[in-house]
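Protein chains in written order, with my numbering: chain A, 1 to 316; chain B, 1 to 435; chain C, 1 to 164.
Among the clues, some could well be false.
In silico lysine to aspartate or glutamate, EDC-like type, Cα no more than 20 angstroms apart, as pairs [as the list claims (entries may be wrong)]:
#, chain 1, residue 1, chain 2, residue 2
1, A, K144, A, D173
2, A, K125, C, D157
3, A, K51, B, D311
Here's a subset of chain B near chain C, in silico, CB distances under 8 angstroms, partners left out [as the list claims (entries may be wrong)]:
#, residue
4, G22
5, I23
6, G26
7, F55
8, L64
9, A250
10, Y255
11, L258
12, V277
13, S279
14, K281
15, F288
16, L289
17, P342
Derived from the structure by calculation, the hints contain no laboratory data.
These figures come from a predicted structure and were not determined experimentally.
Glycine included, each C-beta is placed from N, C-alpha and C at the ideal position.
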Amino acid sequence: GCSSSVSGEEIGEKRIISIATVQPENHSIVLGLNAFKEYVEGELGDRIEIKIFTNGVIGGNSEALELLQMGSLDMLVTSGSNLEAFADEYKIFSLPYLFKDEASFRKVMDEEEFVDKIYDSTADKGIQGVTWFANGVNNFYSSKKIETPEDLKGLKVRVQSSEANVKMVQGFDAAAVVLAYGEVYTALQNKVIDAGTNPEMALVNMKHGEVAKYYSRTEHQIFTDMFVANTKFLDSLTDEEEEVFRNAFKLSTEVANGEWDNLITEAIQEATLMGVEFVTVDKEPFEELQKPVKEELLKGNPELQTLYDIVQKIQN
Amino acid sequence: MSVALSAALLILVTIVVLLLLGIPIGITLIVASILAITQSLGFSAAVPSSALKMFQGINIFTLLAIPFFILAGNIMNKGGIALRLINLATAMTGRIPGSLAHTNVVANMLFGSVSGSGTAAVSAMGTIMSPIQKEKGYDEDFTAAINIATAPTGLLIPPSTALITYALVSGGTSVAALFLGGILPGILWGLSCMVVAYFYTKKKGYIDTKPISFKEFIRVTLDAIPSLFLIIIVIGGIVGGIFTATESAAFAVVYTLLLSTIFYKTLKIKELYTILVDSAKLSAIIMFLIGASNIMGWVMSFTGIPNMMADVILGISDNPIIILLAINLLLLFVGTFLDLTPAILIFTPILLPVCLALGMTPLHFGIMLTFNLCIGTITPPVGNILFAGIKVADRKLEKVMPHLLRFYGAIFVVLMLVTYFPWFSSFLPSLAGYR
Amino acid sequence: MEKIRSVMDKALAAICALLLAFMTVLATYQVITRYVFKAPSTMSEDMLSYSFVWVSLLGAALVFGQKNHMRLSLLSDKFKGASGLVLSIFTELLIIAIAVIVFLVGGIDFVGVGALQASPTLNITMDFVYAILPLSGILIIIYNVLNIIQSIQKFNDSEKEELQ
Ligand code: NA
Ligand code: NA
Numbered sequence: 001g002c003s004s005s006v007s008g009e010e011i012g013e014k015r016i017i018s019i020a021t022v023q024p025e026n027h028s029i030v031l032g033l034n035a036f037k038e039y040v041e042g043e044l045g046d047r048i049e050i051k052i053f054t055n056g057v058i059g060g061n062s063e064a065l066e067l068l069q070m071g072s073l074d075m076l077v078t079s080g081s082n083l084e085a086f087a088d089e090y091k092i093f094s095l096p097y098l099f100k101d102e103a104s105f106r107k108v109m110d111e112e113e114f115v116d117k118i119y120d121s122t123a124d125k126g127i128q129g130v131t132w133f134a135n136g137v138n139n140f141y142s143s144k145k146i147e148t149p150e151d152l153k154g155l156k157v158r159v160q161s162s163e164a165n166v167k168m169v170q171g172f173d174a175a176a177v178v179l180a181y182g183e184v185y186t187a188l189q190n191k192v193i194d195a196g197t198n199p200e201m202a203l204v205n206m207k208h209g210e211v212a213k214y215y216s217r218t219e220h221q222i223f224t225d226m227f228v229a230n231t232k233f234l235d236s237l238t239d240e241e242e243e244v245f246r247n248a249f250k251l252s253t254e255v256a257n258g259e260w261d262n263l264i265t266e267a268i269q270e271a272t273l274m275g276v277e278f279v280t281v282d283k284e285p286f287e288e289l290q291k292p293v294k295e296e297l298l299k300g301n302p303e304l305q306t307l308y309d310i311v312q313k314i315q316n
Numbered sequence: 001m002s003v004a005l006s007a008a009l010l011i012l013v014t015i016v017v018l019l020l021l022g023i024p025i026g027i028t029l030i031v032a033s034i035l036a037i038t039q040s041l042g043f044s045a046a047v048p049s050s051a052l053k054m055f056q057g058i059n060i061f062t063l064l065a066i067p068f069f070i071l072a073g074n075i076m077n078k079g080g081i082a083l084r085l086i087n088l089a090t091a092m093t094g095r096i097p098g099s100l101a102h103t104n105v106v107a108n109m110l111f112g113s114v115s116g117s118g119t120a121a122v123s124a125m126g127t128i129m130s131p132i133q134k135e136k137g138y139d140e141d142f143t144a145a146i147n148i149a150t151a152p153t154g155l156l157i158p159p160s161t162a163l164i165t166y167a168l169v170s171g172g173t174s175v176a177a178l179f180l181g182g183i184l185p186g187i188l189w190g191l192s193c194m195v196v197a198y199f200y201t202k203k204k205g206y207i208d209t210k211p212i213s214f215k216e217f218i219r220v221t222l223d224a225i226p227s228l229f230l231i232i233i234v235i236g237g238i239v240g241g242i243f244t245a246t247e248s249a250a251f252a253v254v255y256t257l258l259l260s261t262i263f264y265k266t267l268k269i270k271e272l273y274t275i276l277v278d279s280a281k282l283s284a285i286i287m288f289l290i291g292a293s294n295i296m297g298w299v300m301s302f303t304g305i306p307n308m309m310a311d312v313i314l315g316i317s318d319n320p321i322i323i324l325l326a327i328n329l330l331l332l333f334v335g336t337f338l339d340l341t342p343a344i345l346i347f348t349p350i351l352l353p354v355c356l357a358l359g360m361t362p363l364h365f366g367i368m369l370t371f372n373l374c375i376g377t378i379t380p381p382v383g384n385i386l387f388a389g390i391k392v393a394d395r396k397l398e399k400v401m402p403h404l405l406r407f408y409g410a411i412f413v414v415l416m417l418v419t420y421f422p423w424f425s426s427f428l429p430s431l432a433g434y435r
Numbered sequence: 001m002e003k004i005r006s007v008m009d010k011a012l013a014a015i016c017a018l019l020l021a022f023m024t025v026l027a028t029y030q031v032i033t034r035y036v037f038k039a040p041s042t043m044s045e046d047m048l049s050y051s052f053v054w055v056s057l058l059g060a061a062l063v064f065g066q067k068n069h070m071r072l073s074l075l076s077d078k079f080k081g082a083s084g085l086v087l088s089i090f091t092e093l094l095i096i097a098i099a100v101i102v103f104l105v106g107g108i109d110f111v112g113v114g115a116l117q118a119s120p121t122l123n124i125t126m127d128f129v130y131a132i133l134p135l136s137g138i139l140i141i142i143y144n145v146l147n148i149i150q151s152i153q154k155f156n157d158s159e160k161e162e163l164q
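Same shape as in the complex, but just chain A:
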């Protein structure tokens, strides 16, 4: 028969759990989700089946989050910045030079004292964070070699639309241009913008490396992707199931972050073949210029102060 009721309470019926992401099949996050699926079905395969929807077929950013809130989706991987509309806590990640470096970022994200505050921040909206995935380090890239903050002066830099991003760029005496990600390649080519700021993947996946030959490791922002679940769905799990899921969350993060590191290494190799030069810079003068920006943003969003202090405590 073709019965496939939702409840799945009937004997012999598997409960179908749906997970969505905008990433394609070969992305590290999907590989992490596959590991999650394998583990959960290995343990609870008699009653649970996991369906992973890739490529954003279920819906774009806020759309998928709302479907999750309404219970049409059980779980979702989305970028932390999409969650800013639901909880101010997520704005912490856009503070420039919040983390010393990526290792420090991962160390902080592994501390419950910090990360539980993030996970729980959206719980009253029906969205519960369960784990996180590395999303890379934002550096500047341009057809101009950027070695010191002076090199950024007067450049037109593309950012995603947010207060923190615009202020960060203005802090370098550069002009912020808000543009869609898909238009960055031609904008760089036509000199509508002089620089972009993204992890290394953009050089290869979006071919930005063809039009921006210098990638400078300024490491000014480190963002995270989030694995979130519908709160009611999580509450419906039995203790035994919850235990399995908790292990599976951890596993998915390990797998995805490992794969992410591989992808970055590959992206750097491929970009080098495209002729991109990776520039190591002295981060200190950059960081120095962003201190007033960071203070201003903290003053404008006082609710971030506690989280900020915790981050400092953990990484120092």
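Starting from the known structure of chain A, arrange chains B and C with the ligands on it as the hints suggest.
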């Protein structure tokens, strides 16, 4: 039966029955979607999620270009721009036998392009051109046929709301790339019809207007340049990265408004209110369909229909050439009874994965799909442009049809070129750096 | 009855025209701020998108009132007289059903979700924006009830004519 198969059958049967009963297409899509998703999600989650999908389907920045281009087109239609473009077309084609027919084709390409509406083009040209051709002894059924056959070119030559719609449902193909990609196929469509017209008018011995003087040529060209400048603003602005497609559309509105109120002085400010209301209504008709299709797209993904369809279609043959031919025949069939916009919205999610698996780019597929469905606007039983053209020429369908068949043949040849040679749709975009 | 329709028609048309004009100005302003003032306007993008959804759904309601949505009229136009009346009432009822289920009931749920979410750039929660769904739902329902009444009246009138 798998979830995908039962959902697909349910959707198919519901759509066929409700469409035949004359239920609005948008409502038909929503009913079919809710019936299909309730099976796997339950009614209580399906209902609010459908509401969300309706809203978020429209809440997309790129789509804003559609009301703006419609508004700009409506301002143009009132603004005496058609006549200037006809004059230019006459000047360009004056020395070819059957020049009036060629004038009609070129004027359709120019006016259809700037106004963005095939029905506006077919009506404007039919009203102005048909009497002149009749006076010169042209067969009236032939005249109506060539006007109808070439009016859809403006839907491919940018700006084009059909291509914006495709950009959206295909998951973010660049609008700029699609606009550039539509230019060559649109021009080829027009040229292929000119070839047919050339041989027909030569056989019939239609020799008409005397070529105009060089001085006159310059005057006519100068007069038409401000109208054509719109294409340059839109394409140049987007490709040059000065503004997004949406912003270029808003500029098109401002530009046409200034042109027709201050420069040509053909539009009175009072008329603007009616134009605004009409444009809002037409855009609402399209947006309601887009919202409804967003519900159906979600239901199809959730139940796994596109993957299943891909397997079925790819299973037809091992030969990509045959699969593509089958897809084209399917689309031509769809185009005979479904309008351009709903057909793009419904068939992109189903056929795009298949064509990607065949190694096509989203750009190439989008142009092929739109080209194919544009043919549907001039085929019976449902064809906006066909019936507008018949009506404005005051002819009978069965008399015009034999002439149209010849043009269908020529257009089909171009369709095959566009399908099997990606170059036609990718060459101009690649010059601007899009791949 | 027709008084209600005419008031609704005029009001909706005026709102749609104003919104569309406002959107044109706003989009133009967005480009100008970017180039002339060198400061990207972060607010206008959201404002534009929301106005756009509003104008689309209000316009859609207006078009339902005028029975002008895209449809296949090939076969249905062959239904005349009583069977034509039955079909047109069925059509209107189906539209009302969707307006109630999706726009009104589903829409109210959706508004509830919107209340939990802040607009990224405007200082409001999203329920104010999402309210257009139930609102347009109510408008569609009113229009379609009016359409049913109108069809029945027309049918009765033509019956009378035939009798005379
Ligand atoms: Na066009
Ligand atoms: Na047709």
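Verification of the hints:
At roughly 16 angstroms between alpha-carbon atoms, K144(A) and D173(A) fall within 20 angstroms of each other, so this suggested pair holds. Between K125(A) and D157(C), the direct Cα distance comes to roughly 56 angstroms. Violation of the 20 angstroms bound is thereby established for this hinted pair. For the suggested pair K51(A) and D311(B), the alpha carbons sit about 19 angstroms apart, so the restraint of at most 20 angstroms is met. For G22(B), the interface hint holds, since its Cβ comes within 8 angstroms of a Cβ in chain C; the closest pair sits about 3 angstroms apart.
At its closest, the beta carbon of I23(B) sits 6 angstroms from a beta carbon of chain C; the interface hint therefore holds under the 8 angstroms criterion. Because the smallest distance between the Cβ of G26(B) and any Cβ of chain C comes to about 6 angstroms, under 8 angstroms, the interface hint for this residue holds. Because the smallest distance between the Cβ of F55(B) and any Cβ of chain C comes to about 6 angstroms, under 8 angstroms, the interface hint for this residue holds. Evaluation of the L64(B) hint against chain C yields a held restraint, the C-beta minimum of about 5 angstroms falling below 8 angstroms.
Checking A250(B) against chain C: minimum C-beta separation of about 3 angstroms stays under 8 angstroms; hint holds. With its C-beta approaching chain C no nearer than about 10 angstroms, Y255(B) sits outside the 8 angstroms limit, and its interface hint is violated. Nearest Cβ of chain C to the Cβ of L258(B): about 12 angstroms, over the 8 angstroms cut. The hint is violated. At a threshold of 8 angstroms, the smallest CB-CB gap from V277(B) to chain C is about 5 angstroms, leaving the interface hint in force.
For S279(B), the interface hint holds, since its Cβ comes within 8 angstroms of a Cβ in chain C; the closest pair sits about 6 angstroms apart. The criterion of a C-beta within 8 angstroms of any C-beta in chain C is met by K281(B), whose closest approach is roughly 5 angstroms, and the hint holds. This hint holds: F288(B) has a C-beta 4 angstroms from the nearest C-beta of chain C, less than the 8 angstroms allowed. The closest approach between the C-beta of L289(B) and any C-beta of chain C is roughly 6 angstroms, which is under the 8 angstroms cut-off, so the hint is satisfied.
The restraint placing P342(B) at the interface with chain C holds, with a minimum CB-CB distance near 7 angstroms, inside the 8 angstroms limit.
Comparing the model with each earlier hint shows violations of hints 2, 10, 11; every other hint is respected.
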